[in-house]
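> Sequence:
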Amino acid sequence: MLCHGFTGSPHSMRPWGEYLAAAGLTVEVPLLPGHGTVWQDMNLTGSDDWYAHVERALLDLARRCDEVYVMGLSMGGALTVRLAQRHPGLVRGIVLVNPSLVVEDYRLPLIAPFGRLAARLLPSTAGVTSDVSKDDTTEGGYDRVPTAAAATLPKLWRAVQQGMSGLRAPVLAFRSPQDHVVGPASLRMLAHRAVNTTVAIHLLHDSYHVATLDHDAPAIFDGSLAFVREHCESGEGADR
1 MLCHGFTGSP HSMRPWGEYL AAAGLTVEVP LLPGHGTVWQ DMNLTGSDDW YAHVERALLD
61 LARRCDEVYV MGLSMGGALT VRLAQRHPGL VRGIVLVNPS LVVEDYRLPL IAPFGRLAAR
121 LLPSTAGVTS DVSKDDTTEG GYDRVPTAAA ATLPKLWRAV QQGMSGLRAP VLAFRSPQDH
181 VVGPASLRML AHRAVNTTVA IHLLHDSYHV ATLDHDAPAI FDGSLAFVRE HCESGEGADR
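Position one of the sequence shown corresponds to residue 1 (our numbering), numbered consecutively onward.
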């Protein structure tokens, strides 16, 4: 299962999903609530809704497949980690691409208790979309950050950080040093606090934040498939 990011859409994950499907894997790319329409719809949703949606998708996938791997981009990485923490018996391994796991904009915790009120005064702010080095490539997401929705992110990040000791699935992570959306603090936290599993981090030197659509995408695709094959016990996804 592939989880897209905050204000993004499955478009950012489509080439990745198609690659894995062509290799014989069953692939699901759920559209998070409030996404894929207009940014105003996101202000009617929050991190609890997004998590509940991917959790339902995980449980459905687990009923159909012997083993499940979850992979996420940006905020989708936080959802991915949380799923692995809460369902250690279902999630065999996780792959993260420029995951957002900690607070980096310290205004967010300040407005979090007043998200709905703040949204009435300032419904949205300018966002960073299509942070891609590759020419003529767009992410397919909103160019505004919905205030009320963003105010729910600290709750998700806190849950992820507090549950790190429960993360037991192996982790493959990719990070772009030239990321204009998410800084290095998230993977530093993960590497330091994920004490009950293994974490492998690979740098993407030729890509920005949405690396799944950028120059290093083949490295992500190949690496994630090799990761599944390495940890797979059912035989599905093995060399073909």
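The reader is advised that the hints may include incorrect statements.
[Unchecked claim] Between beta-carbon pairs, the in silico distance windows are:
id, residue 1, residue 2, range
1, ILE201, LEU31, 22 to 30 Å
2, GLY89, GLN162, 15 to 23 Å
3, ASP143, GLU55, 23 to 31 Å
4, PRO88, ASP143, 34 to 42 Å
5, ALA52, ARG229, 27 to 35 Å
6, PHE114, GLN178, 31 to 39 Å
7, ARG229, ASP41, 34 to 42 Å
It should be emphasised that the hints constitute simulated quantities derived from the structure, not laboratory data. Just so we're clear, the structure is a prediction, and the values are computed from it rather than from any experiment. Glycine is no exception: its CB is placed at the ideal position from the N, C-alpha and C atoms.
> Any hints from earlier that this structure breaks? Give me their numbers in increasing order, please.
As far as the earlier hints go, not one is violated by this structure.
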